[in-house]
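Trainee: Those sequence lines, one after another, are chains A and B. Going by full-length UniProt numbering, the first sequence opens with residue 1, and the numbers climb by one from there. Going by full-length UniProt numbering, the second sequence opens with residue 1, and the numbers climb by one from there.
No wet-lab data here; the hints were simulated from the structure. There's no promise every hint is true.
Note that identical chains are pooled: a pair holds if it fits in a single copy or bridges any two copies.
Claimed, not checked - The calculated lysine-lysine pairs, modelled on DSSO-like cross-linking and capped at a C-alpha distance of 27 Å, are: (1) K73 with K252; (2) K400 with K16; (3) K398 with K125; (4) K223 with K16; (5) K181 with K295; (6) K73 with K400; (7) K16 with K194; (8) K375 with K16; (9) K201 with K375; (10) K332 with K66; (11) K248 with K38; (12) K125 with K256; (13) K332 with K42; (14) K42 with K195; (15) K223 with K285; (16) K195 with K394; (17) K401 with K252; (18) K285 with K181; (19) K406 with K73; (20) K201 with K42; (21) K248 with K401; (22) K285 with K398; (23) K66 with K42; (24) K73 with K288.
Number of protein chains: 2
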Amino acid sequence: MGRRERVYLSVEEIPKYWYNALADLPFQLDPPLNPQTKEIMKPEELSAIFPDPLVEQEVTTERFIKIPEEVLKEYAIFRPSPLIRATNLEEYLETPVKIYYKYEGVSPTGSHKTNTSIPQAYYNKISGIETLVTETGAGQWGSALSYAGLKFGLNIEVYMVKTSFEQKPMRKCLINLFGGKVTPSPSLETNFGKKILDIDKENPGSLGIAISEALEVVFSRNKAKYALGSVLNHVLLHQTIIGLEIKKQFEKINEKPDVIIGCHGGGSNLGGTILPFIPEKLSGKNIKFLACEPKSCPTLTEGEYRYDNGDTAGLTPLMKMYTLGKDFIPPKIHAGGLRYHGSAPIIAKLKHENMLEAVAFTQDETFEVANLFAKLEGIIPAPESSHAITGAIKEALKAKKNKEEKVIVFTLSGHGLLDLTAYS
Amino acid sequence: MGRRERVYLSVEEIPKYWYNALADLPFQLDPPLNPQTKEIMKPEELSAIFPDPLVEQEVTTERFIKIPEEVLKEYAIFRPSPLIRATNLEEYLETPVKIYYKYEGVSPTGSHKTNTSIPQAYYNKISGIETLVTETGAGQWGSALSYAGLKFGLNIEVYMVKTSFEQKPMRKCLINLFGGKVTPSPSLETNFGKKILDIDKENPGSLGIAISEALEVVFSRNKAKYALGSVLNHVLLHQTIIGLEIKKQFEKINEKPDVIIGCHGGGSNLGGTILPFIPEKLSGKNIKFLACEPKSCPTLTEGEYRYDNGDTAGLTPLMKMYTLGKDFIPPKIHAGGLRYHGSAPIIAKLKHENMLEAVAFTQDETFEVANLFAKLEGIIPAPESSHAITGAIKEALKAKKNKEEKVIVFTLSGHGLLDLTAYS
Numbered sequence: 001m002g003r004r005e006r007v008y009l010s011v012e013e014i015p016k017y018w019y020n021a022l023a024d025l026p027f028q029l030d031p032p033l034n035p036q037t038k039e040i041m042k043p044e045e046l047s048a049i050f051p052d053p054l055v056e057q058e059v060t061t062e063r064f065i066k067i068p069e070e071v072l073k074e075y076a077i078f079r080p081s082p083l084i085r086a087t088n089l090e091e092y093l094e095t096p097v098k099i100y101y102k103y104e105g106v107s108p109t110g111s112h113k114t115n116t117s118i119p120q121a122y123y124n125k126i127s128g129i130e131t132l133v134t135e136t137g138a139g140q141w142g143s144a145l146s147y148a149g150l151k152f153g154l155n156i157e158v159y160m161v162k163t164s165f166e167q168k169p170m171r172k173c174l175i176n177l178f179g180g181k182v183t184p185s186p187s188l189e190t191n192f193g194k195k196i197l198d199i200d201k202e203n204p205g206s207l208g209i210a211i212s213e214a215l216e217v218v219f220s221r222n223k224a225k226y227a228l229g230s231v232l233n234h235v236l237l238h239q240t241i242i243g244l245e246i247k248k249q250f251e252k253i254n255e256k257p258d259v260i261i262g263c264h265g266g267g268s269n270l271g272g273t274i275l276p277f278i279p280e281k282l283s284g285k286n287i288k289f290l291a292c293e294p295k296s297c298p299t300l301t302e303g304e305y306r307y308d309n310g311d312t313a314g315l316t317p318l319m320k321m322y323t324l325g326k327d328f329i330p331p332k333i334h335a336g337g338l339r340y341h342g343s344a345p346i347i348a349k350l351k352h353e354n355m356l357e358a359v360a361f362t363q364d365e366t367f368e369v370a371n372l373f374a375k376l377e378g379i380i381p382a383p384e385s386s387h388a389i390t391g392a393i394k395e396a397l398k399a400k401k402n403k404e405e406k407v408i409v410f411t412l413s414g415h416g417l418l419d420l421t422a423y424s
Numbered sequence: 001m002g003r004r005e006r007v008y009l010s011v012e013e014i015p016k017y018w019y020n021a022l023a024d025l026p027f028q029l030d031p032p033l034n035p036q037t038k039e040i041m042k043p044e045e046l047s048a049i050f051p052d053p054l055v056e057q058e059v060t061t062e063r064f065i066k067i068p069e070e071v072l073k074e075y076a077i078f079r080p081s082p083l084i085r086a087t088n089l090e091e092y093l094e095t096p097v098k099i100y101y102k103y104e105g106v107s108p109t110g111s112h113k114t115n116t117s118i119p120q121a122y123y124n125k126i127s128g129i130e131t132l133v134t135e136t137g138a139g140q141w142g143s144a145l146s147y148a149g150l151k152f153g154l155n156i157e158v159y160m161v162k163t164s165f166e167q168k169p170m171r172k173c174l175i176n177l178f179g180g181k182v183t184p185s186p187s188l189e190t191n192f193g194k195k196i197l198d199i200d201k202e203n204p205g206s207l208g209i210a211i212s213e214a215l216e217v218v219f220s221r222n223k224a225k226y227a228l229g230s231v232l233n234h235v236l237l238h239q240t241i242i243g244l245e246i247k248k249q250f251e252k253i254n255e256k257p258d259v260i261i262g263c264h265g266g267g268s269n270l271g272g273t274i275l276p277f278i279p280e281k282l283s284g285k286n287i288k289f290l291a292c293e294p295k296s297c298p299t300l301t302e303g304e305y306r307y308d309n310g311d312t313a314g315l316t317p318l319m320k321m322y323t324l325g326k327d328f329i330p331p332k333i334h335a336g337g338l339r340y341h342g343s344a345p346i347i348a349k350l351k352h353e354n355m356l357e358a359v360a361f362t363q364d365e366t367f368e369v370a371n372l373f374a375k376l377e378g379i380i381p382a383p384e385s386s387h388a389i390t391g392a393i394k395e396a397l398k399a400k401k402n403k404e405e406k407v408i409v410f411t412l413s414g415h416g417l418l419d420l421t422a423y424s
């Protein structure tokens, strides 16, 4: 008793600005290229896909971007999220290390994804858009965008990777509850989907395929845009609300993290967690950033650093990133999200510049950790988030061995209540 | 912004004592009777079912019962739970009323049930018990007891009402995740189950039948006891942690509730919510206690106030309560918990003495409210809890009509993430 710390912020303490790391990073990102011409993409070319305010956020180097009042009001429904000290896990590991986690599972759809779905829906709405089309893997993003669409009066259409659609019926219910329409991908509703199914009608789908289907639909409609749940600069920008809150919470308890950990799929919760600590890292403080990914989709640990498409059909701009190739499909046994073939350009460059380390874990290993964590900490983690816990445990044990009194923080990006069948 | 209030308590502020209303109530409960002899049950007769410390808590009239350190340590994993002002709901209703809810869905299994499963497991453990057998309806109690069993090293066996077992596969996963064994009831594992299935092999089960099966198993085993998730005095005692926290939270914001609302199944979350306010009510303050139940299981609103068995086979003591009859089975369409034929004797007596009002709602009505609440407040309520929300909305609209500036509080006893299929 008494040792268990939960660090809360009041609603008034929700950060009023997102932090844009592009203002401070000691390198420039390689620009996105037009997939046909291979020329540098002009911002206006991105406008076919995204509304102007988001295109602007994609390229700006302004350090702080004001969060609109309308977005803050929606954030206030679930933010600030708690920072929790994992005292039971610490005791279990018998480590001198302090382990904290930022718990994003308190959001309406149970993951960090609402941090960006809400501003994305808002900026599309004020740009006159009526329909947002998107892809989703495990369903976290699809449900988050549906929730946000409901808030701002947009139609939401979701192409969901077919394996996940079949494994996770509850996420479909959640998308529907918030008024979204969901279609398993590959589908017969697009030419690209039909082409894929012609070749292999058992194709389990991939994020790359689902993105291609969503984009095809967007290009065929009026007042429709695309929304992406990860990877892009503006998505990571919105997610910095996580790390900015973590900073405030650590200030409250007069503590500073030595190791900052996130799971890595497309890079948004990881980016949101670590980017606000870029200034400290650049000022010479010894902070370790660690990305944790699945061995079955080892983008940062085994991918190549090169230009590649964000989707399978080759409709998106070419981006410089670590990639497993746009045709990559994770093995069918792979249960969670974290199934994207590429990575956020910012994250990829951080890795390439040795400012970020990456490690991969097997599914068995992370499920075992998830079970342990549920029993010790009373929260059932999402399979995705379990990668971050696994990373934190390994770091804690390493510090224990070296007798180092470190402070570790990781983002628990979501709960696993809708993934319980995967646990069985 | 700024208007949304969430009232947090620190871990140090978790109440250190449960409150026993029997010390203050202006009436005595009618004693439980032996089901065979119809004589007043002696405490030692209860010892066949429950360990001595719980039997003692069942009958004591001591006002405050100290919460053991071991239990406080486990409470600290998820308690104190937040008190949240439903500002979006208030805005939607355009009411001058303030509406607060105590959110118990933050517990490891997503409902208030862990408040009593943890102490029950603890007291059984220190009494040398190795196995706890129980029943569960929607699965909230079964998963909560499994979690607690894991914490204190007890085997947990759960007889789950068959309809719910089939409707809610996720709860079974949750029980298994925490190491509990679950059997659909009626089952072939007990003589009573076999008898029921002989008569009707399609029998959908009921809590009364499941309790009978669990008790039969307990009587046939060594070092095994029974655990009940509601109804009994000691269960309501443990649940007073809810109302005690609510009181502290209202003190923090210098506010006092005029209407206190809970959903009613067996009476434990309702009792836990309202009983700590008994002293204020007795001192003459005008506080309304309101029980909200389903029309398909209208115990308090349509049941008879008389002695009845707690289970279908007639193995439990006879208790004086509102009852629909021990053979009552809710219609198969009934989706949630709140399916018990009886009610907690304390709650029943409060109703009988006109200290508590009760109201019943249809399933359609409460699901509509649940949808509305999810959209406005960003939390998907359990179907059970939706009855309390429905009650709160009706009270708020009544106050609006009468231009009264009331303060309403209800307990949101759990989240509905594992009930999403029922929403579709």
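Trainee: For K398 and K125, with the copy left unspecified, which applies at a CA distance of at most 27 Å: within, between, both, or neither?
Mentor: neither (48 Å within a copy, 36 Å between copies)
Trainee: Under a CA distance limit of 27 Å, which applies to K285 and K398: within one copy, between copies, both, or neither?
Mentor: For K285 and K398, the Cα distance is within 27 Å only inside one copy (20 Å; across copies 59 Å).
Trainee: Within a copy, between copies, both or neither: where do K195 and K394 come within 27 Å Cα-Cα?
Mentor: neither (44 Å within a copy, 54 Å between copies)
Trainee: At 27 Å max between alpha carbons, let me know whether K125 reaches K256 within a copy, between copies, both or neither.
Mentor: neither (39 Å within a copy, 41 Å between copies)
Trainee: State whether the alpha carbon distance between K73 and K252 is at most 27 Å within one copy, between copies, both, or neither.
Mentor: Intra 24 Å, inter 24 Å, cutoff 27 Å: intra and inter.
Trainee: Evaluate K201 and K375 at a C-alpha cut-off of 27 Å and name the case that applies: within, between, both or neither.
Mentor: Intra 41 Å, inter 37 Å, cutoff 27 Å: neither.
Trainee: Please work out whether the CA atoms of K332 and K42 approach to 27 Å or closer within one copy, between two copies, in both situations, or in neither?
Mentor: neither (38 Å within a copy, 60 Å between copies)
Trainee: Classify it for me, K248 with K38: is the Cα-Cα distance of at most 27 Å met within a copy, between copies, both or neither?
Mentor: neither (43 Å within a copy, 64 Å between copies)
Trainee: Evaluate K248 and K401 at a C-alpha cut-off of 27 Å and name the case that applies: within, between, both or neither.
Mentor: The answer is neither: 30 Å in one copy and 44 Å across copies each exceed 27 Å.
Trainee: Using 27 Å as the alpha-carbon threshold, which applies to K332 and K66: within, between, both, or neither?
Mentor: neither (42 Å within a copy, 53 Å between copies)
Trainee: Check K16 against K194 for me: Cα-Cα at most 27 Å, and say if that holds within a copy, between copies, both or neither.
Mentor: neither (45 Å within a copy, 64 Å between copies)
Trainee: Taking 27 Å as the upper bound on the Cα-Cα distance, should K285 and K181 be classified as within, between, both, or neither?
Mentor: neither (47 Å within a copy, 51 Å between copies)
Hint compliance for this structure: hints 2, 3, 4, 5, 7, 9, 10, 11, 12, 13, 14, 15, 16, 17, 18, 20, 21 and 24 are not met, and every other hint is.
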